[in-house]
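Student: These are the residues of each chain, in order.
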Amino acid sequence: MEAVVALERDAQLMLRVREGDDTSFALLLERHRGPVVHFLYRMVQNQAVSEELAQEVFLRVYRSRKTYEPTAKFTTWLFRIATHVALNSIRDRKKEKGHESLDEDALDGVERQVADRQPTVEQEMVHEVRLREVRQAIEALPAKQRAAVLMHKYEGLDYTQIAGVLSCSESAIKSLLFRAYESLRDRLSHMA
Amino acid sequence: MICLSKNEQGAELLANYLAKTLDAPRTAELARHIQECSDCRGLASVWERLDEFAVPEVSPGFDARLYARIAREEARLSLRTTWKSWRRWLWPPVAPLAAAAAVAALVLFLQVPGTPDAAKQANPTQSSKAEIEQVAQAVDDLDLLTPIDK
Ligand SMILES: [Zn+2]
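So the protein lines, in turn, are chains V and Z.
Residue 63 in our numbering sits at position 32 of the first sequence, with consecutive numbering throughout.
Residue 126 in our numbering sits at position 54 of the second sequence, with consecutive numbering throughout.
Treat the hints with care, since some could be wrong.
Claimed, not checked - Listed below are several chain Z residues computed to face chain V (Cβ distance under 10 Å; list not exhaustive):
no., residue
1, 81
2, 83
3, 84
4, 111
5, 115
6, 119
7, 125
8, 139
9, 141
Please keep in mind that the hints were generated in silico from the structure rather than gathered at the bench.
Where is the CB? At the ideal position from N, CA and C, for every residue including glycine.
Full structure from sequences and hints, please.
Tutor: Dropping the structure here:
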């Protein structure tokens, strides 16, 4: 029931943006800024890049306001744009740098936040090692699996929505997600 | 069979189990199974490990930067619209003149940096056919010769 209300609210807001109401755009931004930035952060693992990409996403939302039609759930539409932007960026960065693992600048904000909490040195080290493992395990997933896991695990999208975002059938998403969780388990199980 | 590893709905089932949204009998069944099955224990622990992937706060300047980009884009679009409306205004009486002026300006522009020889050719009557075509092409590109009511 709640989901239906949420669908109507976002779609209605977007329809008002289409009519020229910028306050509604501000409300949509307020509601979705966090999820979009965080999704992109976990996709590219770099704060500056993720915010730059999120700007691109919201700019595209604003740009397409005049032609917006609420055919899919707003979140599905929004994450389709975000995933598209992320996959393009990952592809371009791979082309630029060659296939390589996490670059140093990627390990930024979160580790600083960890340090701010002032745990003991050992706690901090254990936490950092575990965090790094999770980040590397996520990064090692093929980009499409990565996007699916991040939407499923952190953004609460269901199979139908993820299928809509990635333009796949629901059953394809089920097996894609399952393969992804299994590879994460295989990478992380030694330090559960 | 409730084993997550052998269930197409495994990921969803696990998510619901950990979010405590399954009904009581299924929750109990899955809990028992996870005790016995190391595959499923592994999956459950992965789900929990992923919670450790925290994210930084969105920078405070995010909205301001976005609105500045939107404003820049809007300004560019409105400039384009203004140009189109001017063209519309100018069209019936003045556009041929404007087009002629643009042709003359382009011919001058193309010839000016040249040698005295080129300067001599600045008179359009002496220009080669190719040059006239080139200029016409450039004016076409400027969209000056397109009828508005098309
Ligand atoms: Zn099992």
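Student: So, for every hint listed, does it hold in this structure?
Tutor: Here's how the hints hold up against the structure:
For residue 81 of chain Z, the shortest C-beta to C-beta distance to chain V is roughly 7 Å, which falls under 10 Å, so the interface hint holds. A distance limit of 10 Å between C-beta atoms decides the matter here; for residue 83 of chain Z the minimum to chain V is near 5 Å, and the interface restraint holds. A distance limit of 10 Å between C-beta atoms decides the matter here; for residue 84 of chain Z the minimum to chain V is near 7 Å, and the interface restraint holds. For the restraint placing residue 111 of chain Z at the interface with chain V, the shortest Cβ-Cβ distance is roughly 8 Å, inside the 10 Å limit, so the hint holds.
Interface restraint check for residue 115 of chain Z: the shortest CB-CB distance to chain V comes to about 6 Å, inside 10 Å, so the restraint holds. Hint status for residue 119 of chain Z relative to chain V: holds, with the closest Cβ pair at about 7 Å, below 10 Å. Taking 10 Å as the C-beta contact cut-off toward chain V, the hint placing residue 125 of chain Z at the interface holds, the least distance being around 5 Å. For residue 139 of chain Z, the shortest C-beta to C-beta distance to chain V is roughly 9 Å, which falls under 10 Å, so the interface hint holds.
The beta carbon of residue 141 of chain Z is positioned within 10 Å of a beta carbon in chain V (closest approach about 6 Å), and the interface hint is therefore held.
When the structure is compared with the earlier hints, no violation turns up for any of them.
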